[in-house]
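There are 2 protein chains.
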Amino acid sequence: MQYKEVAGGICAPKGFAAAGVHCGIRANHSEKYDLALIKADVRCAAAGVYTTNKVCGAPIKVDRAHLTDGYAQAIVVNSGNANTCAANGVALAEECCELVGKALNIDAKDVLPSSTGVIGQPMVIDPFARGIPAAAAKLAADAQGSTDAATAIMTTDTHKKEYAIQFELGGKTCTVGAIGKGSGMIAPNMATMLAFYTTDAAVSPALLEKALKTVVPGTYNQMSVDLDTSTNDTLIIMASGLAGNPEITEENADYDAFVAALTAIAEHMCAEHAGDGEGATHLITCEVTHAPDLKTARAVSRSVVCSNLFKAAVFGRDANWGRILCAIGYTPGDFSIDKVCVWLSSKAGEVYVCENAAYHPYSEDEAAKVLAEHDILVKVDMGTGDASAKAWGCDLTYDYVKINGDYRT
Amino acid sequence: MQYKEVAGGICAPKGFAAAGVHCGIRANHSEKYDLALIKADVRCAAAGVYTTNKVCGAPIKVDRAHLTDGYAQAIVVNSGNANTCAANGVALAEECCELVGKALNIDAKDVLPSSTGVIGQPMVIDPFARGIPAAAAKLAADAQGSTDAATAIMTTDTHKKEYAIQFELGGKTCTVGAIGKGSGMIAPNMATMLAFYTTDAAVSPALLEKALKTVVPGTYNQMSVDLDTSTNDTLIIMASGLAGNPEITEENADYDAFVAALTAIAEHMCAEHAGDGEGATHLITCEVTHAPDLKTARAVSRSVVCSNLFKAAVFGRDANWGRILCAIGYTPGDFSIDKVCVWLSSKAGEVYVCENAAYHPYSEDEAAKVLAEHDILVKVDMGTGDASAKAWGCDLTYDYVKINGDYRT
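So the sequences go chain by chain: B and G.
Taking the numbering used here as reference, the numbering of the first sequence is continuous, increasing by one, and the terminal residue is 423.
Taking the numbering used here as reference, the numbering of the second sequence is continuous, increasing by one, and the terminal residue is 423.
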């Protein structure tokens with residue numbers, strides 16, 4: 015299916031407004047927006063997926079509790095402090111929800127909090143007490159509102175991430191919008207991955223959650239900057255139902271179309287996140303085809319984009335295909351590497367570097383041209399089955415080390 | 015038990031001679047020793063452990079075949095080319111064994127080959143045809159022989175790695191010596207981990223293999239530079255039996271003493287390897303205590319030394335304990351983090367940074383002093399059991415990226 019890209023990010027679907035403000039979460043940031051607010055006109059079906067880290071941010075505990083009924087109406091997000099491993103973190107997150115409920119005249123239990131920033135630092139309510147009413151007053155159901163929110167959730171991101179697409183559902187035009195921040199699933203303290211999706215499609219809470227859990231394993235869970243699973247990773251979706259399509263309450267054709275649209279926007283966002291990985295100069299996408307099964311396809315593509323050695327080679331524009339083969343080889347699972355073929359591809363061309371797990375003659379000059387582009391595609395054909403998968407990562411650079419060596423100072 | 019460190023490396027035990035020469039494996043290295051030869055006076059009980067990568071160097075296939083009888087008399091190692099994914103690699107490795115057999119007048123099947131360097135490059139026999147007789151002529155049963163061999167196997171290592179210790183076994187003084195190269199289990203193409211142990215203890219092939227497989231999981235498998243499991247990782251031990259102790263043929267007290275000695279030298283070598291990780295400016299040792307079980311203790315300590323984010327923080331001398339807790343938290347397995355306490359330690363002092371999974375007040379100045387040392391110890395007390403483990407790693411630095419971005423050029 016083709017999707018139409020539209021402007022407006024999370025405010026593109028009907029029934030959503032957003033805002034971003036500076037409220038002073040971190041003492042040393044005097045102007046940067048650090049608080050985002052997303053509000054729906056109606057109570058929305060809502061679902062979330064969260065980090066699998068045993069250390070888990072306080073807001074996630076509150077999100078889980080507030081989503082037991084499957085509905086929500088607002089999301090409040092701060093950057094600068096993760097509200098993780100801090101005393102009374104849950105109480106503070108609840109207090110934020112109360113403030114949002116009061117400002118928007120909605121139930122505090124319909125508010126979902128989210129935080130990103132340093133772990134283990136005490137957090138106080140004062141900035142929120144100032145910032146939440148200010149954000150509520152600034153809510154806008156337009157592109158600027160989405161952009162302000164996308165800006166407010168950024169930490170080390172070099173650019174804001176927002177996207178929206180339209181598609182047909184039951185004869186109605188539906189829209190899904192997204193904003194995101196962070197550079198992996200994947201990086202604690204600073205590069206926590208946060209993503210917030212809005213849609214005007216009518217989907218029941220149960221099917222919304224099912225759709226999210228169907229899409230995430232092949233998209234967000236296939237994205238990596240440094241293998242470090244953050245304590246705060248969160249993806250939340252709210253569905254207003256205002257597009258007027260027949261509500262999706264079972265796994266029918268509309269459900270499949272919704273999942274396909276969600277996959278399309280998630281793949282776009284994953285490339286955005288990975289390509290803006292900390293210090294990254296290249297987006298690396300690995301596409302595995304003809305794998306014996308889906309699990310292997312996903313694991314192999316992840317191995318390639320996660321290999322520090324291959325990531326450093328891409329930074330050096332070195333077509334060191336042996337490192338790709340090596341990463342495939344140490345992927346857990348019982349599969350053969352004998353028929354593995356590898357191509358390096360970008361808009362500058364494509365080079366066939368490895369045939370049946372051995373060197374395939376290619377021009378190093380040609381390969382260097384391919385690797386000079388920002389977006390690099392590694393194509394791996396395993397030659398043994400029908401499964402395929404993608405994974406997204408980035409190169410390993412001096413700046414990754416610099417950013418993460420200097421972070422707290 | 016206390017062990018006495020002795021000089022002489024792999025030539026310290028009775029019955030071993032070694033040599034290193036330049037034979038020109040790589041065209042652009044005109045002087046560096048690139049061929050090592052280790053010879054025993056007698057046929058030795060021998061055992062090996064190898065990479066788990068599905069892509070596996072040709073020499074490893076030959077080693078497995080030559081060790082089916084549990085005996086060997088010589089080891090030949092080249093640096094500069096991994097003899098992996100190259101056509102006729104096994105035939106070439108066998109041909110090297112023939113050359114060694116001829117030069118030393120021993121059975122080619124008692125020769126164990128090993129290679130480290132770039133993957134997928136064709137390799138020719140000519141340098142070996144020149145180098146092996148030269149190395150055989152230069153064999154020396156002294157410290158210089160060991161040092162020359164340790165030098166010949168180096169690739170990106172900044173210094174040679176050799177060590178030997180003495181201990182008592184059945185009333186006899188026994189010696190174990192070791193040389194090693196590489197920076198992990200862990201890095202394909204260049205930083206393949208190779209280790210060669212010699213001992214004059216009398217141990218049957220079966221018990222030697224059992225001892226090796228007992229020691230490696232808690233030592234070499236707990237060492238990481240970048241998580242990239244090389245295609246060529248190899249650890250081989252040869253036991254000459256010339257110390258005159260009663261041969262160890264069962265798991266008795268002598269066996270336990272031998273395992274303990276092997277563990278001691280392996281721990282020393284692991285710290286040597288990790289501390290000389292590519293681009294490293296710090297050795298990071300993580301010691302986990304009071305874990306619920308051994309598997310968890312090992313996995314948690316590995317997670318800490320493998321976290322790119324924590325490794326970058328150590329490079330920046332930043333006591334970012336949240337990243338340690340985060341790495342513990344994403345370790346697979348079913349365990350609680352609630353009682354986790356963490357200390358950062360070095361010869362400059364010790365700071366208590368995390369108590370029961372939350373911030374413990376400490377002086378950042380004090381922590382910076384601790385982290386200014388080369389050798390950093392992270393102590394993790396899980397507070398829930400009796401198991402303990404160690405892992406060894408290094409910091410992530412600009413030079414790691416530089417070395418691995420520029421390697422083939």
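Among the clues, some could well be false.
A pair counts as met if it fits within one copy or between any two copies, since identical chains are not told apart.
Pairs of lysine-lysine, DSSO-like flavour, derived with a Cα cap of 30 Å [to be verified]:
| no. | residue 1 | residue 2 |
| --- | --- | --- |
| 1 | K393 | K75 |
| 2 | K152 | K227 |
| 3 | K353 | K75 |
| 4 | K227 | K383 |
| 5 | K416 | K383 |
| 6 | K361 | K18 |
| 7 | K18 | K123 |
| 8 | K309 | K123 |
| 9 | K18 | K227 |
| 10 | K393 | K116 |
| 11 | K186 | K393 |
| 12 | K393 | K123 |
Because the hints were derived from the structure by calculation, they are not lab data.
Right, here's what the structure says about each hint:
{"no.": "1", "hint": "K393 <-> K75", "verdict": "between (39 Å within a copy, 29 Å between copies)"}
{"no.": "2", "hint": "K152 <-> K227", "verdict": "neither (33 Å within a copy, 65 Å between copies)"}
{"no.": "3", "hint": "K353 <-> K75", "verdict": "between (46 Å within a copy, 19 Å between copies)"}
{"no.": "4", "hint": "K227 <-> K383", "verdict": "neither (39 Å within a copy, 46 Å between copies)"}
{"no.": "5", "hint": "K416 <-> K383", "verdict": "both (27 Å within a copy, 20 Å between copies)"}
{"no.": "6", "hint": "K361 <-> K18", "verdict": "within (22 Å within a copy, 61 Å between copies)"}
{"no.": "7", "hint": "K18 <-> K123", "verdict": "neither (35 Å within a copy, 67 Å between copies)"}
{"no.": "8", "hint": "K309 <-> K123", "verdict": "neither (37 Å within a copy, 41 Å between copies)"}
{"no.": "9", "hint": "K18 <-> K227", "verdict": "within (24 Å within a copy, 58 Å between copies)"}
{"no.": "10", "hint": "K393 <-> K116", "verdict": "neither (52 Å within a copy, 46 Å between copies)"}
{"no.": "11", "hint": "K186 <-> K393", "verdict": "neither (37 Å within a copy, 59 Å between copies)"}
{"no.": "12", "hint": "K393 <-> K123", "verdict": "neither (46 Å within a copy, 41 Å between copies)"}
Hint check: violations occur at hints 2, 4, 7, 8, 10, 11, 12; the rest are consistent with the structure.
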